Structure formats: structure tokens, C-alpha cells
Amino acid sequence: MQHLAIFPILLPMLAAVFMLLPPLSNSITRQRIFAVSIMLLLVTVSALLLLTSHQQGTQLYILGGWQPPFGITLVGDRLSTMMVLLTSVLGLCAQLYACAGEDKDGMYFHPLFMFQIMGVNGAFLTGDIFNLFVFFEVLLIASYALLIHGGGKQKTKMNVHYVILNLVGSSIFLFALGILYGTIGSLNIADMANKIRFLDEHEQALAKAGGLLLLVVFGLKAALLPLHFWLPKTYAAASAPVAALFAIMTKVGVYSILRVHTTIFGEDAGALASIAIPWLWPLALLTLTMGAIGVLASPSLRLTAANLVIVSVGTLMLAIAMQRESATSAALYYMMHTTLVTGALFLIADLISKQRGKAEDRYVIARKMRYGKFIGIAFFIAALTSVGMPPLSGFVGKILILQATQGLAETAWVWAVVLLAGLASMVAISRAGTTIFWRAAGENTNNEKISPLKIIAVVLLLSASPLLVVFGGAVTDYTNLAAAQLHNSVPTVTALLPGGNE
Amino acid sequence: MEAIYAFCVGVLTTCGFFLVLRGRTFTVVIGLTLLSYAVNLFLFASGRLKLNGAAVLGKSAEYSDPLPQALVLTAIVIGFAMTAFVVILAMRSRADQGDDHVDGQMPDQPRRLSVSDKRNG
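Protein sequence lines correspond, in order, to chains A and B. Under the UniProt record's numbering, residue 502 is the last one in the first sequence; the count climbs by one each step, no gaps. Under the UniProt record's numbering, residue 121 is the last one in the second sequence; the count climbs by one each step, no gaps.
Hints listed in this document are in silico derivations from the structure and should not be mistaken for laboratory results. Owing to the predicted nature of the structure, the values given are computational and were not obtained by experimental measurement. Don't take every hint at face value.
Stated by the list, open to error - Listed below are the simulated EDC-like cross-link pairs for lysine to aspartate or glutamate, each with C-alpha atoms no more than 20 angstroms apart in a straight line:
no., chain 1, residue 1, chain 2, residue 2
1, A, Lys153, B, Asp65
2, B, Lys50, B, Asp65
3, A, Lys195, A, Asp268
4, A, Lys373, A, Glu360
5, A, Lys195, A, Glu102
6, A, Lys449, A, Glu325
7, A, Lys368, A, Glu443
8, A, Lys195, B, Glu2
9, B, Lys50, B, Glu2
10, A, Lys153, B, Asp99
11, A, Lys153, A, Glu203
12, A, Lys153, B, Glu2
13, A, Lys358, A, Glu448
14, A, Lys449, A, Glu201
15, A, Lys233, B, Asp103
16, A, Lys233, B, Asp96
17, A, Lys153, B, Glu62
18, A, Lys354, A, Asp200
19, A, Lys354, A, Glu448
20, A, Lys354, A, Glu201
21, A, Lys233, A, Glu325
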């Protein structure tokens, strides 16, 4: 269908608007049913879009009929449609979990949630770097409000930091866009990739500054080393479904780095080829190390999960820094796995903290949990996967990334740091598990029940991990093709500029 | 003209970053506002500064680029909304924490040694 590419943006936007209007706005039950059905529809649409773009080639949606490079385009290639599907699945699970009661803690949870999904999907689908900024703002302003959802001192405090940091980030983003537009003369990603080779020498220096400023902004979103300090406490303070959804937010940053620094500043960019790579290598290694130290030092499961996000960002950045097809393909596989599993881990941390009364999810001795068995099994699976032990998807993802290092000068570094970070996570997670599940004192007095919706959400997210292994062949075939599409930018880019290049 | 313009953008950005790095939410909000002014001027200049350039084709031999103006407009709208949000958030934070420091409380100042402290060791 011709208009398929814009549905992942339109659907959540319209849904959010409808939920602010009378028949839905005054009943939380109606909102829940509506929101979940919209999310189910969104998953279907995203899957359809992915299939269409996989079989019929990149879906180009030209808004208003303005031929690229003028006007606004949406680009549904293999990478972006995959990310949209990932967002929809994660969003559906987080939403199901929230429907069990968290959405009543504050107002407008569902509309804000939809706006957030719209922003994330838009950021993935847009083919224009200024629109990337606009969609970043859409997803950010929704995330500001979602983060504070439920209220409380800790949330307000973390939200102030988060908002200020991101506003400064947005200013830097605009400076970078101004520089790039002033030198390259275009904001369409494909067109920029075409034109960047023909810059003069003095313009090259400016464009380089612009490109590296973009790296700063995306690094802030992705929580790359010197810019990651906001993440652990912010994610730990957010309510569980919001934290689970935020698992995709760092991936938006990772995706943007991947897109901008392989399509625009990729191997074909002449003098400006791979300007980010010398920065990415040390930063990625240090991010991974800092994440591992953070995991070891965390006093509660939520903080551990948040630090595992940093570990996963470091791993992904390493794969991007390698700048080869096999590594990008591995990164995409790892990205799917880590997004879903981190989401699950945040939800499980919330289940645990609801069951243990005052001890919450901190690593202290507390009373036994009533549903210890179910939560224990779920935790065990999530832990195995996020640490990267066989036979689940974390293991496969790590092996793929380690394999991709073959022949690089940095191989020894990558292997050592990735494996040591894995070891640190394993130590921390096993300590967490033994404290929470085995070192209990006294019988449980807690009558808190677990809503079936929460169980469904957690099981759905966790089932992704074995599924990613069982269908590993098909998935890696797909990620290989997506990576190839991203790296062979010349044919890809030309296809995106019909008649725009006379 | 270019030199004055560039100087203004530079001063605004410097002041903005300085204020953003301060500890109280009010100065931080002012800093963010200054930064967004600087950004808007900067974006406007990315289409090059030109006097009497027509924005519509076929009206003049000299054209000015209309796209930066559209970009600035978008940036202004977004910046305005964000400033409104951050002001409300700062007030909420002041009410919740009982302090207008961005961390919710003043950091512990390292105590200065007074003359009597020195004397006692």
C-alpha cells in the first residue's frame, strides 16, 4: 500500500488526540482498551511495512508531493522498519504492563505514551535530518512528562536534570544542523551523502565540526561515556512501564549515529569519511567499562538494569566503530535482543519491588515473596540473556559482535573488554539473584497479587529471547541485508532521490 | 555586518552556557533561553546574510534562501514550548524539594578555615 510508511507516525498521533477527547478521555477503561488495540494494530502495520520494504525495496514516502531533495520524505528501508517494529512490540508490552494499574498514578498516561511512540517511530522513519530534530523534540517532550508520571521528589529531581540536559542537547543539535546546512546546502540525508564529497577545503573543516557536534548530541541521547551520568538514576526513578519504554530511547541515539555516520560521513564521504570513528573507539570501550563498574556497584535491581543499558550501549558502539557490514549486522541483532530484554528486566524489577514491601528491589534481606517462583524463573531467564550466557539471544549477539572483529587491529581490546564486562555483569546479577530470592527471612505477609496483564507483558518480552535464537538464521539474514543496504550507500542514496539530481 | 552578527551569536552562546552551568534553576532557565536565541540567530545566518534579497522566485535577480527562515520558525516554536515546560518544571521542583537548586539542595560547602581553626591546629 502506498501510504503504509506514514502509518506508524499517524496512528499513534491520532490515537493520542482521540484519547484527549470526551468519549475516551473520561474513562480509563475505555482508554486502556483503545490504547491496547491501537498498539496491536501498530504492531501489525509495522510488521507489514517491514515485509513490504524487505520484498519490494525501500519505501519512499514523499509528503506533499515535493520531489526530494526538497520537501519532507519518510524512508522505510530495512533498518528503519526493523526499528519501528521493535518500538511497537516494546511499546505494546510496556502498555499492557501499565494497564494493570500504573496508568492511574497520574493524568494522561496513555496519550503521552502514544506521543512518545509517535516521536520514536518518526525519528526512525524520517529521511531528513531537520525532521529528525523535530521528532526528537516530540519524543523528548512526551518523555519529560512520562518521566514525572506518578510524581514524587526523586522523579522531579531527576526530571529537572534530564530536561535541562536534553534542552542543551537540542541547542547543540540545531547548531550542528545550521553548520551542515550552511556548508552542504541540504538537509535531506541522501542528498547530503551525495554532496559531501564535493566540499571545498575550508568548508570541510566546518562540516567536520558539524558532524562531530551531531555525535555529541546523539552521544547524549545514547548515553555514551562522558555524557552518560544522567541515565542510571533517571531510569531507576521512572515508573516501570516508562523505564521499559525508555529502553528504546538510547537506541534512538545509537540508530542516529549509525545513520548519520555511515550514510553521510561514511566511507564514500571523501576527506570527511569516518570522522567519528577515532572518537568512537575509545569512548565505546570506556562506556563499556564504566557500565560494568556501575553494574557491580548498584545497590538495587533497577539501578543494575539501568547500568546494563550503558553496557549494551557500549557494546553497540563498539560494533558501530568497527565500521564494517558484519559488525553492523551483529549490532542490529544485539540491538533487538537488548532492547526487549532490558525492558523485561525493568518490569521484573518492578514486580519484585511490589512484592517485597519496604525492601523494594534493594539488595537487602527481606521477607519471602508470594510469587517467588514465577518471578524467579522470569528473573533467571532475563539475567541469563542480559549477561550473555548460552543458550539465549544475548550469547548469540555477543558471539556475532566478537566474530566481526576478525582481522581488526583492535580485536584484543574488544574481546577483553566485552568479555570482562560480561563477567562483571554475571557477578553482579548472580549476587542480586541470591540476595533477592534465597536470602529471605520469615514468611511472606504480603498479599499483593500480580495482575495477569503484567504476567503477559513480561512473558511476551522474555519470549523474544528464545525466539531470536530459534529464528536466528532468518533474523541474521535480515540484519545482514539491512547492514548491506546501509553500507553500500551509493545505490541506496540514488534510489532516494528520484529526479532531484539534475 | 557578518562580524557583528557572529560576535552577537558568540556572546549569547557563551552567556547561555555560563548560566546553564549555574546551580539555581532560575539562572539555568535564563541560560537556556539565551542559548535558544543564539541558536535561532545562528540558524538564520546559515542561509548567508543578504540585504534586499527576494524570497520568491521571479521577483528579483538576488535571492535569499527561504529555508533557514522556515527552520528558525520551527526552532522558535519548539524552543518556546520547551521554555514554558522548563519554567513549570522548575516551579514544581521548587515546591517538591523546598529549594531552587537543580540538585534539590545546596551542596555541602567545604568549610573555610578561620583564624581560630588555624590556631587550634
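Consistency of the hints with the structure:
For the hint pairing Lys153 (chain A) with Asp65 (chain B), the CA-to-CA distance comes to about 48 angstroms; that exceeds 20 angstroms, so the pair is violated. Distance check on the hinted pair: Lys50 (chain B) and Asp65 (chain B) sit about 9 angstroms apart at the alpha-carbon level, within 20 angstroms; holds. Between Lys195 (chain A) and Asp268 (chain A) the CA atoms are separated by roughly 11 angstroms; this keeps the pair inside 20 angstroms, and the hint holds. Among the hinted pairs, Lys373 (chain A) with Glu360 (chain A) is consistent with the structure: their alpha-carbon atoms are about 17 angstroms apart, no more than 20 angstroms.
Between Lys195 (chain A) and Glu102 (chain A) the alpha-carbon distance is near 49 angstroms, which puts this suggested pair outside the 20 angstroms criterion. The suggested pairing of Lys449 (chain A) with Glu325 (chain A) is violated, with an alpha-carbon distance near 48 angstroms, which exceeds 20 angstroms. Simply put, Lys368 (chain A) and Glu443 (chain A) have alpha-carbon atoms about 6 angstroms apart, close enough for the 20 angstroms limit, and the pair holds. Restraint check: the Cα-Cα separation between Lys195 (chain A) and Glu2 (chain B) comes to about 26 angstroms, which exceeds 20 angstroms; the hinted pair is violated.
Proximity of Lys50 (chain B) to Glu2 (chain B) is assessed by CA-CA distance (about 10 angstroms); at most 20 angstroms being required, the pair is judged to hold. Taking the CA atoms of Lys153 (chain A) and Asp99 (chain B), the gap is about 12 angstroms. The hint holds against a cut of 20 angstroms. Between Lys153 (chain A) and Glu203 (chain A) the alpha-carbon distance is near 48 angstroms, which puts this suggested pair outside the 20 angstroms criterion. Restraint check for Lys153 (chain A) and Glu2 (chain B): the C-alpha separation of about 47 angstroms exceeds 20 angstroms, so the hint is violated.
Distance hint between Lys358 (chain A) and Glu448 (chain A) is fulfilled; the C-alpha atoms sit about 13 angstroms from each other, no more than 20 angstroms. At most 20 angstroms may separate the alpha-carbon atoms for a hinted pair to count; Lys449 (chain A) and Glu201 (chain A) exceed this at roughly 66 angstroms. A threshold of 20 angstroms between alpha carbons decides the hint, and for Lys233 (chain A) with Asp103 (chain B) the separation of about 13 angstroms falls inside it, so the pair holds. Using a Cα cut-off of 20 angstroms, the hinted pair Lys233 (chain A) and Asp96 (chain B) holds, with the two alpha carbons roughly 18 angstroms apart.
Taken as a hint, the Lys153 (chain A) and Glu62 (chain B) pair is broken in the structure, with Cα atoms around 57 angstroms apart against an allowance of 20 angstroms. Between Lys354 (chain A) and Asp200 (chain A) the CA atoms are separated by roughly 61 angstroms; this puts the pair beyond 20 angstroms, and the hint is violated. The hinted pair formed by Lys354 (chain A) and Glu448 (chain A) meets the criterion: a straight-line CA distance of about 7 angstroms does not exceed 20 angstroms. With a C-alpha separation of about 60 angstroms, the suggested pair Lys354 (chain A) and Glu201 (chain A) falls outside the 20 angstroms cut-off, and the hint is violated.
Note on Lys233 (chain A) and Glu325 (chain A): the hinted pairing is violated, with a Cα-Cα distance of about 35 angstroms set against a maximum of 20 angstroms.
In terms of the numbered hints stated before, the structure departs from hints 1, 5, 6, 8, 11, 12, 14, 17, 18, 20 and 21, listed from lowest to highest.
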